[in-house]
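Visitor: Read off the chains here:
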Amino acid sequence: MGFILIMIFSLAVYAAPYSSQASHSAYQFALAALLQGHSVHRVFFYQDGVHNATNLAAPPQDEFNLQEAWQRLANDHKLDLVVCVAAALRRGILDEAEAKRYDKPSHNLASEFTISGLGQLVEAAVVSDRLISFG
Amino acid sequence: MSILHTVNKSPFAHNTLFSCLKVCTERDGILLLEDGVFGTITSAPGADELQLLIQRGVKVFALINDIKARGLEEKLAPNIELIDYNTFVQLTLDHRCVQSWY
Numbered sequence: 113m114g115f116i117l118i119m120i121f122s123l124a125v126y127a128a129p130y131s132s133q134a135s136h137s138a139y140q141f142a143l144a145a146l147l148q149g150h151s152v153h154r155v156f157f158y159q160d161g162v163h164n165a166t167n168l169a170a171p172p173q174d175e176f177n178l179q180e181a182w183q184r185l186a187n188d189h190k191l192d193l194v195v196c197v198a199a200a201l202r203r204g205i206l207d208e209a210e211a212k213r214y215d216k217p218s219h220n221l222a223s224e225f226t227i228s229g230l231g232q233l234v235e236a237a238v239v240s241d242r243l244i245s246f247g
Numbered sequence: 028m029s030i031l032h033t034v035n036k037s038p039f040a041h042n043t044l045f046s047c048l049k050v051c052t053e054r055d056g057i058l059l060l061e062d063g064v065f066g067t068i069t070s071a072p073g074a075d076e077l078q079l080l081i082q083r084g085v086k087v088f089a090l091i092n093d094i095k096a097r098g099l100e101e102k103l104a105p106n107i108e109l110i111d112y113n114t115f116v117q118l119t120l121d122h123r124c125v126q127s128w129y
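Quick note, the sequences are listed as chains L and S, same order.
When you read off a place in the first sequence, starting at 1, and then add 112, the result is the number in the numbering used here.
When you read off a place in the second sequence, starting at 1, and then add 27, the result is the number in the numbering used here.
Bound conformation, chain L alone (with noise of 0.2 angstroms):
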């Protein structure tokens, strides 16, 4: 009987859903490589795409549903979808906490994302086989 190399992978996500196919491509990598057995650390949204994580966009019912996507591969696969701090901020992705600390009025991460540090790319990196970046 053969034996499967289970690898770890992480990948960086640079663009906004919408206006490039990055996230669905990232996406479509991430499931391939889940399904094969392979682990996959973190996903990382640095740049534009932090877009991917705010929980206002509202997309047609009849138009895949990327954010669902993450969400659900995220729940059943127990993914670490990772926020860039300051990207996020700057392009007014919020959770709970910055919000309250910049004195905004409402926040909008969706749910299986967390805001953190671009640390977390560089472990990602560290920790993962192969880290593979969508731009």
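Calculated from the structure, these hints are not laboratory results.
Check each hint, because a few of them may be wrong.
[Said to hold, decoys possible] From the structure, some residues in chain L lie toward chain S, with a derived Cβ separation under 8 angstroms:
id, residue
1, LEU201
2, THR226
3, PHE246
4, GLY247
Even glycine gets a Cβ: it sits at the ideal position worked out from N, Cα and C.
Knowing the structure of chain L, use the given hints to seat chain S on it.
Guide: What follows is chain S alone, placed relative to chain L:
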């Protein structure tokens, strides 16, 4: 093999494919995805350079879904392997690292 280069921008609009071709060595692979698959067609800018690299041993791949979504099946240059996401994952493991040109 050493580096898998991924190119996701069309060579009709961006220079990323050309930048990639400049540094690509004979042991590397190139994967065209998203609008990068426009680089597979015979009339694409850089098509001749790409064929030259293929003759030197560089493996060139393109994501079949992205080819089909753009209706390019009948326009493909030779010796470009069409792959799915499962093979994409495997390619990233067959190479030492992945360089994304975006």
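Visitor: Hints first: check each against the structure and report whether it holds.
Guide: Hint check results:
Below 8 angstroms, beta-carbon pairs count as interface contacts, and L:LEU201 has none with chain S, the closest being about 24 angstroms; its hint is therefore violated. Against a cut-off of 8 angstroms between C-beta atoms, the interface hint on L:THR226 is violated, since the closest Cβ of chain S lies about 24 angstroms away. Against a cut-off of 8 angstroms between C-beta atoms, the interface hint on L:PHE246 holds, since the closest Cβ of chain S lies about 7 angstroms away. At about 3 angstroms, the closest approach between the beta carbon of L:GLY247 and any beta carbon in chain S falls short of 8 angstroms, and the interface hint on this residue holds.
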